[in-house]
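Asks: Dock chain B against the given chain A, drawing on the hints supplied.
Protein chains: 2
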Amino acid sequence: MPIYNAPLQDMRFILNDVFKADEFWQATPELAHIDSETVSAILEQMAKFSQDVLLPLNRTGDEEGAKIENGAVSTPKGFKEAFTSYANDGWVGLGADEQWGGQGMPKMVSVMTDEMIFSANPSFMLYPLLSVGACMALNSYASQEQKELYLPKIYSGEWSGTMCLTEPHAGTDLGIIKTKAIPNEDGSYAISGTKIFITGGDHDLTQNIIHLVLAKTPDAPAGSRGISLFIVPKFLVNEDGSLGDRNPVGPGSIEHKMGIKASATCVMNFDSAKGYLVGKENEGLAAMFVMMNYERLSMGIQGLGASEASYQNAAQYATDRLQGRSATGVKSPEKPADSILVHPDVRRMLLKTKAHNEAARAFAMYVAQQLDMTKYSDAETKAKAADRVALLTPIAKAFLTDKAFEACVDSQMVFGGHGYIREWGVEQYVRDVRIAQIYEGTNGVQAQDLIGRKVTKNGGAFVATYLAEIREFAASMKAEWMKVSLLNSVNTLEALTTLVIAASKANADEPNAAAIDYLHVFGLVSYAYMFARIVEAASVKEGAFYQNKVELAKFFVTRILPELDARAKMVQSGSAVIMSFDQGYFTAQS
Amino acid sequence: MPIYNAPLQDMRFILNDVFKADEFWQATPELAHIDSETVSAILEQMAKFSQDVLLPLNRTGDEEGAKIENGAVSTPKGFKEAFTSYANDGWVGLGADEQWGGQGMPKMVSVMTDEMIFSANPSFMLYPLLSVGACMALNSYASQEQKELYLPKIYSGEWSGTMCLTEPHAGTDLGIIKTKAIPNEDGSYAISGTKIFITGGDHDLTQNIIHLVLAKTPDAPAGSRGISLFIVPKFLVNEDGSLGDRNPVGPGSIEHKMGIKASATCVMNFDSAKGYLVGKENEGLAAMFVMMNYERLSMGIQGLGASEASYQNAAQYATDRLQGRSATGVKSPEKPADSILVHPDVRRMLLKTKAHNEAARAFAMYVAQQLDMTKYSDAETKAKAADRVALLTPIAKAFLTDKAFEACVDSQMVFGGHGYIREWGVEQYVRDVRIAQIYEGTNGVQAQDLIGRKVTKNGGAFVATYLAEIREFAASMKAEWMKVSLLNSVNTLEALTTLVIAASKANADEPNAAAIDYLHVFGLVSYAYMFARIVEAASVKEGAFYQNKVELAKFFVTRILPELDARAKMVQSGSAVIMSFDQGYFTAQS
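Chains as they are written, first to last, in full-length UniProt numbering: chain A, 1 to 590; chain B, 1 to 590.
Treat the hints as calculated values from the structure; they're not laboratory data. Wrong hints could be hidden among the right ones.
The list treats identical chains as interchangeable, and a pair is accepted whether it falls inside one copy or across any two copies.
[As the list claims (entries may be wrong)] Cross-link-like lysine-lysine pairs, in silico, DSSO-like; alpha carbons within 27 Å at most:
(1) K569 <-> K483
(2) K457 <-> K331
(3) K80 <-> K67
(4) K77 <-> K67
(5) K569 <-> K352
(6) K48 <-> K331
(7) K483 <-> K77
(8) K178 <-> K335
(9) K352 <-> K541
(10) K483 <-> K352
(11) K382 <-> K20
(12) K541 <-> K382
(13) K457 <-> K375
(14) K77 <-> K352
(15) K77 <-> K20
(16) K335 <-> K180
(17) K478 <-> K541
(18) K505 <-> K331
(19) K280 <-> K180
Just chain A, same shape as in the assembly (with noise of 0.2 Å):
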């Protein structure tokens, strides 16, 4: 059975040393209400939750799965009772306005509790995640009436959300979708296609679920400019607010996944189903990507808990095996073998996980911080905080995860034969997290947002102002070493940056070349600032906790920043080797 303990001093010190979280509500008028103490309490209430009631539902959940009989899905046994538990004690409007009955706490603090929850079972995680993620797009576009109609009662829990965007033919390229929406004569639309891959499309955890969906009304132009977002409940909603006719939509199946099997994947049949419009016709995919946008730092963080509960369960394991003995001595004489823990092998692995885990984390608060300034800022700090979260959100997701599927096949490696046994759980980190790098627009679909919308298209202008920042810190530095490493690291992305933007422009094929090479440099950048950060916050405290995050970031300069070299001269050998074979090639029989 799986441990897992939340790493609340980590987030503590990231929070507040790092960060200086305080400083910041301070000086927000609309977060001035909040301090250190108050968030410390969340957190160990959430630590509690996510340790006692949600990590003994993981491996069961896995093995059980959620199941479809009679047209109606059922989540895996305890779910239901820990999703009330959950809704009750006001954890899906964790970070909502307090006027839709939420609790309005910034991104800053959910950003953790929701670790602990991908930490303890992400399964669960995905209900209210898509939730919230649908009460945002409602939040940001729908009229007043849909607001007060849905938001308390999602927010509470006793309803839910999904999100319909994908169908079988048309994932990535949303443009091709052929979901319709008939206008009906009351204003509403008849809403008729077949939506896949919904997540929390039918379940058991709520009376009644709000469907997103896009589809295209019947005058549509053609392509993503054509695609409307309407809300389909599963039952009908009255005006006051109670529930009327079961609406024709329901699921067909539920996928076989490889992993984050306690979460229901569902096809999603619409059969002329009542729908309304949220916001105008034609801009849906506006409206979809506010969801879209949150799902994807969320992603990250799904990355980073599975990332930190297959860390302490490996250096558990690590800890207690004993084989073989030290190749300086034998370290445990009165024991027939040393624990593994004495092999530097097994060690690396462990201390590569950890520095994902802390530099993750503190680039997760770094996004969260942004998140928070473009809502509660004045509007110039809103704004340049808006582009630094654009700049960064492709990162938050694929390079946490990439990071995240690595640490997590790294623990499964420490447990050695039994890490392939279902009933030691780390095989599981391993298929669950696997998901994270998959969904809401695959890695390679994120590294090519990077590189093109958020880079070549404003001409680098994003990229120079977060160097700016990141070179403006250096230059405060203490610590000489990490000085020295992050600066060479910033000027790599710099060249790259402008060698792709020049290249952009002669061959259009360049920029998808270099993409996931460049996301993967940017990344290694972001992390050698987070651990800048960590390195200046640990150095004035005392005592080992703190000294042990300064050899943490030394670790990471020499056993994981090298990569960067790699990944720079992968993105300088450009498109034509890769382009250069005809199409037939790749499927040639040979």
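Replies: Only chain B this time, still in chain A's reference frame:
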């Protein structure tokens, strides 16, 4: 339903053009009866069997899994019929000596048929693989009577074999096993103990199962010098080869695993089971290593098989999947979207896997030829080849499987969300191939074996002769670009070898701290060598098939080989930071 077409043309190219097998066979008296036409016919026969019989059982075998009921294990539907057909056609004994009923084919042939089976159905392959491994240990260490009694029955597929090493508390460190062997009066032994992770420990494919078991006699010295090897048949065998009583050995349970679910992985209980000593007391580990070294190359081929199969499916999916448009202009105006093969990043993933497959196939063939030399050459050549095999076995096992795992993960990524769905079959490649990095000595243990026994222990002598061979080949090369890359990589490996040997004298922790990164540098150098040989062989031929081999080598040099310098830096960073943390740091709650 996944596809698989055996890459016969690629195999023939490696065998005939790169390694000029005919010349080697003609020059080797014991192999002079073999020619490339006979081999080609064998390959075609196995291609048909793999594609038509084994492939369709791969998905169903994964879903059904091996089962245990009333102390007996059954394999999934169709496995018994497939195995009977496989055995009847003589495949179990393909590489066995004719005196034991085998077909006497060299490893250079079975390396290719093994790859096909591993592509089509890795779980199936493990049953005959363990049988052949057991035969090899018996062939080297058993008495003439034992050989006559067991080898023909196992090679014919009437019986099968296992390898019983691991115990719950003892995996990598076999010195601490507890299984006891008490001498009986008739010269046999009573074996008692529990073994875990026993592949094919019980099943319904054969009439009898011959377990090779490591155990300790009462007066055995402590540690790995006190381990003996025993034959423990499921049914005792009469002198005439007929079956006698059931021996008290059987499966206590089977493991629930991440993958290779159709392979029965058993907990085996020995309850005073009758066992027969193989060779001498306390010399069991050497016999077991005969088996283990054979398996380790096979694990590399398991990786290659999975990588090839996953590639073929990803390439087909990428060709068929229409999504988005090419950045350089619409390529299929008659279709709603272009094939995703127009996107450089999709091609990059496919080419990376294709390059791995090409180099891995050549490398496996190289090691196979060396293995054949250890069996069929003059004494001096035999000794040299044995050293080379010792040096390269950890690369064949660990580097090929690490790269194969990456490849299967990339192939899964090409499928987007569909890659996560079981019915598509590509997530199974990821789950199945993962074990190849873990069993038969984890890849971390392989890395330690390389840098310890194979490099530092002999002062780099094995490496020196290998690099001398590569430099000699490079001197003869026409393709200057490939030659330069190859020689640079050789120089880096040489320098690292010197560095690690020197460092190991000052600090015994240095080799293990460097191990995995050193192994990857070594693997990349070896792949570069293989591509150099491929380029030279392909350059003298005409046609797109050969031209594409050269292009793929260019892709390898620009997109894969740069990892070498990053790994080299990691090696150079040493053990100091890794060992600076207290043991308690790793599990300290934070």
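Asks: Which numbered hints does this structure break?
Replies: Per hint list: 6, 7, 12, 14 and 15 violated.
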